[in-house]
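Just so you know, the sequences run in chain order B and C.
Quick note: the first sequence uses my numbering, first residue 1, plus one each step.
Quick note: the second sequence uses my numbering, first residue 1, plus one each step.
Don't take each hint at face value.
[Unchecked claim] Pairs of lysine-lysine, DSS-like flavour, derived with a Cα cap of 30 Å:
#, chain 1, residue 1, chain 2, residue 2
1, C, K262, B, K262
2, C, K649, B, K649
3, C, K262, C, K343
4, C, K331, C, K412
5, B, K494, B, K412
Calculated directly from the structure, the hints in this document are not laboratory data.
There are 2 protein chains.
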Amino acid sequence: MPAEDGYRLWLRYVPVHGDWLSRYRAAATELVGAPGVARAELQRGLTGLLGAPLREATDVTQDGAVLFGTPSSSPLVKSLPLDLQRLGAQGYLIRTVTIRGHRAIVIAANTDVGVLYGAFGFLRLLQTREPVDHLDIASTPDISRRVLDHWDNLNGTIERGYAGDSLWKWESLPEHLSPRYTDYARACASIGINGTVLNNVNATSFILTPSYLEKVAALAGVMRPYGIRVYLSVPFSAPVALGHLESADPLDPRVQAWWAAKVAEIYREIPDFGGFLMKANSEGQPGPEDYGRTQAQGADLLAHALAPHGGIIMWRAFVYTTGAHSEDRAKQAYDTFKPLDGKFADNVLVQVKNGPIDFQPREPFHPLFGAMPHTNLMLELQISKEYLGQRTSMVYLGPLFEEALRDDTWAKGAGSTVARVTDGSLYGGHLTAIAGVANTGSNRNWCGSIFNQANWYAFGRLAWNPGLSARAIADEWVKMTFSSDPRFVAPVVKMMMGSREAAVDYMTPLGLASQMAAGTHFGPGPWVAPARGMPPDWSSTYYSRADAQGIGFDRTATGSNAVAEYSAHVAAQFGNPATCPDDLLLWFHHLSWDYRMPSGQTLWDSLVLHYDRGVESVKEARETWDTLSPYVDNQRYRLTADFLAIQEKDAEWWRNASIAYFQSISHRPLPAGVAAPPDTLAHYEAFCIPFVEGSPSPHAECPTADVAVPR
Amino acid sequence: MPAEDGYRLWLRYVPVHGDWLSRYRAAATELVGAPGVARAELQRGLTGLLGAPLREATDVTQDGAVLFGTPSSSPLVKSLPLDLQRLGAQGYLIRTVTIRGHRAIVIAANTDVGVLYGAFGFLRLLQTREPVDHLDIASTPDISRRVLDHWDNLNGTIERGYAGDSLWKWESLPEHLSPRYTDYARACASIGINGTVLNNVNATSFILTPSYLEKVAALAGVMRPYGIRVYLSVPFSAPVALGHLESADPLDPRVQAWWAAKVAEIYREIPDFGGFLMKANSEGQPGPEDYGRTQAQGADLLAHALAPHGGIIMWRAFVYTTGAHSEDRAKQAYDTFKPLDGKFADNVLVQVKNGPIDFQPREPFHPLFGAMPHTNLMLELQISKEYLGQRTSMVYLGPLFEEALRDDTWAKGAGSTVARVTDGSLYGGHLTAIAGVANTGSNRNWCGSIFNQANWYAFGRLAWNPGLSARAIADEWVKMTFSSDPRFVAPVVKMMMGSREAAVDYMTPLGLASQMAAGTHFGPGPWVAPARGMPPDWSSTYYSRADAQGIGFDRTATGSNAVAEYSAHVAAQFGNPATCPDDLLLWFHHLSWDYRMPSGQTLWDSLVLHYDRGVESVKEARETWDTLSPYVDNQRYRLTADFLAIQEKDAEWWRNASIAYFQSISHRPLPAGVAAPPDTLAHYEAFCIPFVEGSPSPHAECPTADVAVPR
């Protein structure tokens, strides 16, 4: 097999063989529709899959016509009884029809971008070897704005990015439009993503200067045909920095006028500009609280400037003034936002991370979901694996995303899932959105590894349809990215589906969280204690609360009572160790090392066995992959095999360091048959990876010690 | 033409057509020699150029044999009367011979890497359409160590890098060896580069920890077959940071023992390790002066640790304690090092930048060249265009490198060129070296633009043979990189050859220097005055010394007298404005705005006309390129065309801002027919590009002003 570098993602369009080829060739013989990105993609895809370009016709002339278009772009589509109304502005249908006696497949929608989504949907059928003989598919997105948040800095670096530097080459915009911008837009559109926030939430005002806006407009021009709107992160202090005002007070008319003028200026350049993303009063960022105003007053300032142009503001709920809420950081967003329910303008979306802390391997759902019935809430997921092994670990996030969406808030009884809060069906909201923190960069393979691509893919697919299963998505992705051979697909999907739980097991089992090395968030750091000048909630011990008696963060009424932020049903379940799910146990409860788990094991034994199981799972994945070289080209095989070797080493490091640390506190023996960590705790504490990609300033936090590589 | 992304550099090996194809096919019909990188490259190259793989034989069996090897790897080579002795360890010969009645070409050397250099040399003949019928070429490098200095940080960023993040993916080493590492080694070997310093001269001790050394060893393993030795930048303070010693004093026996042990540890991992590169007592870096020791004592500390293993230390002369030598920073290196001549160990090379300041568009040669007859001096050039337009500007540095090498120090009379100091022929030195600060990064095209690749190429070719002309190198590069069609080659070479002088003209004509924006070094900043807390020599006005009377830095006896650091002949020439070359005039002299130039123009008029000429030259280059699309694939054509548009805008910005600034001081009218800058000086001063790639922290230095793009 020729070497592949991963650049083509899941849009490889490699030749179909055997029976499928003849079936598909019969099904697709000519393309009938107007020129544009949909036709270009269909031609590109079918040429690749079927081995030869299709004739491009203006009318159906033979069996196997692929007719595509909207009622306005295609009189033929208009003439068919397709009932397009129900598809809305973004949906599509794919249906087998007969036109003038010829068998044809029609891909129809109300808008050009709907047709493009349909084109990608049709190609996916072929890529995944689905029959296309009797098609009747209608697909519309449940969530209307499906957005990637790029934490890309204007100097080209990416905060928490593990796939090279920024895709956006600011220094050569607007003049040069890299072909890669178009391929980015194609990849996004292929999975239904229709928005992109170009710059880091830790934003600078420079993005709002005319020269940067001209660059942004150029990118927006590339994205437009693919149905992708451009958004920008902006700092709350922009009126001071750029406008030379003395204040950014949201109630100051000069501030309001400045934003109104700036927004108008943006829309002159970019008529379909999406709006703003704001991180305010969090981790040192300015915000309305600097002026004694509420988050709602801050959000509405921007909302009013954007509303006349149809723009929206995504206002992050991830507020935490470092150190200020040190009793339980998990409560701060809820405490700040819950009282503001109903006070946000209609074009505000409050953007809530899936969990109350920060993108951990596992968190309970965020208590704001279900708690703000009168506010548009959107869900923020992290596709970039900041806390999940970064570039090299294989961790398929489909199960995490699925879990986050399916978690039931019980706000209006059973079935009040986070997905239904997000898609607006629970409270009847009309403005709906979901965001994923992007994992893309300039690396040739876009995401740092081949398997990281699956997380971008899964985010897009779930954003379109939160009801999809992570397993079905993995199945699709594997077929499109590698091979549809079932001898390859089945073991790889199994490996992917187990990978997130493996990471939870070897990093933070049983509801633990934030045990990573400080700063870099890579590798174990359970011993990281509050340091001088650092807020306590930037330490690991703040979260584990391990002591001679036991381990876990008491968030019940005897502790921080964060559990009370959930609806009564959920609070009751989580609040009782007997009913709290094992995998959230230590998130909500401080329990004795000798606490009896439902399995009969002690908590200590169970904890240790989870670490072991995590390592075991990575070993198994590695063994599985080792058998699969016949199905993959050598370059992607090697990259993955080498990364799995790294992950196995890292998993063992996590397991050994964590057991060594917690055993130094529990003073309990290891369960029978479990191997002791090969080195001392001091050894693990001294070891440190001083630099990782995408990490602001890890150096100072790393002891400069001349120690050996951990085993 | 199919789109090309530039990844293949000058090693594209695209099919030869027409007469040349039949001639070359007859000349190369079979490959005779041992397996290895030379055979692999010959096979790869000839397969691409000639359209089909060559048979690989163990003996000459037909006309057109290409025989390659050393006397040890090939009995056939050994049997031929080739007089290989004179080739030394690195040279090669390529000769047409008859073997058993068959016409053959032999590529022979004393070492495998010599054969590899010969293989690349042979392929270059075909790539540049040279006849290969009667070959008798012998080539040996004039300088024995030809090194790339990578200013790559361990977190993946590159200081002053404009081509994406680091090539070295530390997080996945040693496990994963990216295919790109091998392609890097191939590219280096193809132009004779035989050393690579992997990390930034602003170094951290972490590079010397066992886990990083294991990664370095893995890279060294990739480089080894290509004849490339790995070197490391190290901080002088490593014994304190890593060894927990209280001091790094070079005379402290514990410090000496620590380095000896560390070096021994490195050589256990990497037996052919090259040695260290040190930046000491410069820009905040620690060094021997912290302990009251000389630079020579510092260098010898490392030299003695490395000597038993055959390692060398490259000790940078770029010492300047910021603010300490504010009378004339150009003098500090000379003042520090000249008294130490003869005091350095044999395995020390003092690494001297081409000019006394810092990689400006034009500087006089560094006065240390010729002034240290008893010390090994090596030349440091900058391939990365820190001060020359960075990623986007087309500035071919061949002429700058050529000028730097050919500058005559007159240290031992006429012909005492910098090249002859560097290659050891002037003073009979045996340890010779040259370094180039690399312009490579992870961008698909390696160097940020296609034309930036030419600077990497030119550095390598001149390092091998400083006697080559920049024009001949450009000619080769254009043919290999684009097309050998003379209708393309001639105009492109002309454009390249004029490009550096154009940049000098629109940035810093007539011997001006350091007029760039502070921090980023991109765009004009002639108004940058000494700021509080900033050393005066980090300002532009420190260098221009423009006042109501005139402009220029008086470095004659009436000023800093830096000119006296040159040999008498040179000092006399530079010290008199009448004999000082125009292009260095303001480097050495402060002259009246009304000073009469040899042309009859006043200095002011001449200055203004230089700015104009620079812009004109870029416009002409752009017009030239616009006519050349028939000869280039669209992707590389478009990238270059767009970058030239950016450069034209930047050149005009430089011209307008510089004229506006200097006119505000000279109060002289513009020469007849010269257009006034379209905006006010205040406008240019307010405009700023806040972020550039590869720039440490430019933000703070940029006024946050909401101004329009400059015209």
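Query raised in the report: Are the Cα atoms of C/K331 and C/K412 separated by 30 Å or less?
Result: The hint holds at about 22 Å.
Query raised in the report: Given the proposed pairing of B/K494 with B/K412, does the C-alpha separation stay at or below 30 Å?
Result: Violated, at roughly 35 Å.
Query raised in the report: Keeping to a limit of 30 Å between CA atoms, is the pair of C/K649 and B/K649 held or broken?
Result: Roughly 51 Å separates the two Cα atoms, so the pair is violated.
Query raised in the report: Is it true that the CA of C/K262 sits at most 30 Å from the CA of B/K262?
Result: violated, 58 Å
Query raised in the report: Are the Cα atoms of C/K262 and C/K343 separated by 30 Å or less?
Result: The given pair, whose Cα atoms are some 24 Å apart, holds under the 30 Å limit.
Checked against the numbered hints given earlier, the structure breaks hints 1, 2, 5 and satisfies all the rest.
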